[in-house]
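Add chain B with the ligand to chain A, keeping to what the hints say.
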Amino acid sequence: MALDITSSPAGDGGTLATGGVPAARRTRNDWLRPNVLWGLVGAVIGYAIGHWAGNAIAHNWQQVQGSDQNNVSLVLGYLVGSVGFLAGLGIVNYPLAKLVGRQPPAPEEAQPGLGKFFRYTLDHKVVGAQYLVAMILYFMVGGLFALLFRTELLSPTSHVITPDAYIELVGMHGTMMMMMMTSAIIGPFGNYLVPLMIGSKRVAFPRLEALSLWLTPAAFVVLLSGLLIGGFPTGWTGYAPLAVQATQGMDSYLVSFGLMALSLLFGAVNMAATIISHRAPGMTFGRLPIFVWAMLSTASIMVLAVPVLFAGLYLMLMDRTWQTAFFTWQHGGSPYLWENLFWFFGHPEVYLLALPSFGILAELLPVFARKPAFGYRTVVAGLIGVGVLSFFVWQHHLFMSGMNPDMRPVVMLTTELISVPTGIVYLGAIGTLWRAKIRITVPMLFCLGLLFNFLLGGITGVFISDVPADTTLHGSFFVLAHFHYTIMGGYMFGFFAGVYYWFPRFTGLQLSEKIGTWHFWTMIVFFNSTFLPLFAVGLLGQPRRVFEYQHRLQGLNDWATISAYLLGVSLLIFLWNIVWTTAIKNRPSSMNPWHSLGLEWTIPYPTPLENFDRVPVVLSSPYDYGVPDRPPVAVVPEPVGVGCGPALSDPVREEDQHG
Amino acid sequence: MSGSTPPSPTHATAAQPRHALRIFLVWLVLSAIATPLVYLVLGPHLPPGGMSDSAASQQFDMKVLTAIATPVVLFIWTYFGYALIFFRSQRGVIEDGPPIRGNRVFQAGWLGITTALVLFLFGFGTYELIHPAGAGAGEGPNPIWSPVSSSSTKPLEVQVIAQQWQFTYRYLNAGGFETTQLYLPVDRPVVFHVTSLDVIHGFWAYQLGVKADANPGVDNVAFTTPTQLGRFEVRCSELCGIWHGAMYNNGYVVSAGAFSQWLTKEQQRHAPDLPLLPPAAPYYNPGAGGGFYGSGQEPNATATPSPFPSSVTSPAGS
Ligand SMILES: [Cu+2]
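Top line first, the protein sequences correspond to chains A and B.
Each residue of the first sequence is one higher than the one before, starting from 1 at the first, in our numbering.
Each residue of the second sequence is one higher than the one before, starting from 1 at the first, in our numbering.
Isolated chain A, as found in the complex (with noise of 0.2 Å):
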């Protein structure tokens, strides 16, 4: 490949951002070196040794009876095999060492080339293109199932596929989307561009971040091979009693979310604790851009929310092999309790999923309007208090479940509440567009394609707050076609968005704007062109998840599949821009392409190994578009007798940090 995504100088042989190694170190066969095969042959060694112990300690009481397998086995053997392929990777070598006082191994110093990808790394730029690659993947594998099962719809009542097949189909693609796609902005962007904009060398935790990162192929892998044993019946939901009820695939949902749950965790931990401490001299809380602004109130929630899913997650699994009973009725449990711990987390999760785009959105707006962000501390709070409100609402999930009933206005008044802080994010646009100096690129594009999706989902939003309007709405694919707006057509436009702008950030090289203007067009009609049908096959009454529908809902469910069909072909044209950028056309692109005020644009490409040769002194905003006589938005102090801060990176701290 042509592609040089060196994050040094080949022949710098010094320092990692984690210390120094020794260069004789290189002389060791690459291929010895724990990677990523190393970590496959520990996940299969890991599983084997799982599911025999499984099935040694729990042999007689298997919950499936006749089958050589059971829950215990299965669990332990995900599990056990986790950690195999993380510790295949290398990750589990240092705690070890520190655990039994040894000198810790030295880390894996940055390598030329591509082979650093397949590692367990601590750089956090690495970390975040590897997240890219990852989330690009499981988006693609999310939306052919979605492919699949729409085809089974193309019919109300003959059979493309079997209904035990569509409805895995439907779980692996909601638990897919909305539990491995989590990170798809915290996860290449935040990582990789927050130490970049607030002038760190390097991130507070990296091995939590990189832990984070080897945590998702895990969470996938787990979930994927569910469809090997019969998937899981309960979609992405995993309601209890048939969560309960349901055969082993339901075990790899378990798993696989849990892991999932740890990987937001640790990531959003990270993330936090860089953005607070981690910030250059000058780099005040009111300067903070909007996009960290973002990924803060992303990781509060959920370093806040997530808990909430993992307790749940781990009594479901203890219901299902250790036949405890937190929500079985007959023994004392709920099913109502897996409904408030699934919700709890599971409505801030999709602010989880609002609020990076959202931060893309106000980040990327002013560049291309030539203008300062409007509003900027309205739109902070706003981006707060979404996450605030976030906690209160996820009753609205529970209007027609019985419970509670007389709380239901006061559920209704927190979710409509919450359209309050969401409409500043218009506010700033609004403001920040007037009389502006916009310049139509493709990101620019995909934002403006945020702005419209995510209004009709936000709009269709305030209806199905509404009891009344929901006793029809709810379960119904109306409220499928509504989170689709705010998710696919806000949050994967905000990603879209977010690649082509920092594609020359992370490799040098500029997507193609034609083929990208291809991209979003394509995109944006067969989006709308999906999903606009789906509003009105739910107000005509059709549920979700069903295989069966209505003979006069045909039409609009075959239109529906078709363009998703079409939707399915321009993100096919995303990956051609990718491969016609990368590997054909392969030409640098200058520093800064879109003559941005951003801080992460004063960085030369290839971005050095410690991204700031010294830690910058913020002096401006970085929206100060247009005013006059403005100073530079960073200056590098000089070496000697001018306070730059806490020496982020010394290497000599490095042990201390990590310990």
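For the record, the hints were derived by calculation from the structure and aren't laboratory data.
Hints may be right or wrong, so weigh each one.
[Said to hold, decoys possible] Ranges of calculated distance between the beta carbons of each label pair, as one might list FRET restraints: (1) B/Ser146 <-> A/His159: 41 to 47 Å; (2) A/Phe392 <-> B/Arg91: 46 to 52 Å; (3) A/Val36 <-> B/Arg88: 44 to 50 Å.
[To be verified] Facing chain A, a subset of chain B residues (Cβ under 7 Å, in silico): (4) Val105; (5) Glu128; (6) His131; (7) Gly241.
[Stated by the list, open to error] Stretch-level coverage of chain A by chain B, calculated; a stretch enters the list once three of its residues show a Cβ under 8 Å from a Cβ in chain B: (8) 229 to 236; (9) 348 to 360; (10) 412 to 422; (11) 474 to 482; (12) 532 to 544.
A virtual CB, placed ideally from N, CA and C, is assigned to each residue, including glycine.
Same frame as chain A, now just chain B with the ligand:
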């Protein structure tokens, strides 16, 4: 929306057209045309129609919400359409716009308007939820918003028993027989007691505007009064396993006379089944105790009195 006039004293020039006024006028014209059209032309076609009082109330709700949403959407579309036409940079030129960082009046006005809208929607939604009687939604075992009881028509009590993957109905005022057909008389209040024998299902009578989750071990009550004759669709609205998509049947709203004929016929047809059924109860525990599908559970002694008619606690007493 006239507050959207961010003045910028340093950059305002006489040559600038009055953007805010233009946007406001375009929006005003579009809204004045579209909002009545949406309410009067689209509105009557909005679901779930007018087959019951709860359906009519939900349709009214959707009409009002759509009418409110129309000018909001039009404002955003008008603004961004205008901005993309008039606020463009020259091709290939990097030039900065005026450095407007904010506008107190616009920001406060925006927050004020959105908050006022939200508070109105909350009040409106709450009123619509209480009138009529919980708007057809499941209200749990102890409903607080019940239909205004009139002595002339005693409500018809129907227990909806969901299981993988079908609905059955017990007519509690008619001896508690069980059938897979759902017939309702017109103009008589109906009380649905929705419960499940296994996993969570959802009882969704689409044209009646009734939806209530069927939870195992829970009696979820929903009210409606059918006002038009005809057929309605019943579907399961909570994912309940592989055949969730096949869990539907049709119900019928018929005249009072036809209903009593049907009732008599069904009672006779199902008389032999009655001894096999457990006593009618708010919910059942399959596999525990005798009976066709397990033992009936006594309502919690501490709860408010059961809405169940005392005449049906024993199926033999019909
Ligand atoms: Cu069902």
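Okay, the hints, checked on the actual structure:
| no. | hint | in the structure |
| --- | --- | --- |
| 1 | B/Ser146 <-> A/His159: 41 to 47 Å | holds (43 Å) |
| 2 | A/Phe392 <-> B/Arg91: 46 to 52 Å | holds (48 Å) |
| 3 | A/Val36 <-> B/Arg88: 44 to 50 Å | holds (47 Å) |
| 4 | Val105 | violated (12 Å) |
| 5 | Glu128 | holds (4 Å) |
| 6 | His131 | violated (10 Å) |
| 7 | Gly241 | holds (5 Å) |
| 8 | 229 to 236 | holds (count 3) |
| 9 | 348 to 360 | violated (count 0) |
| 10 | 412 to 422 | holds (count 6) |
| 11 | 474 to 482 | holds (count 3) |
| 12 | 532 to 544 | holds (count 5) |
In this structure, the earlier hints numbered 4, 6, 9 are contradicted, and the remaining ones agree with it.
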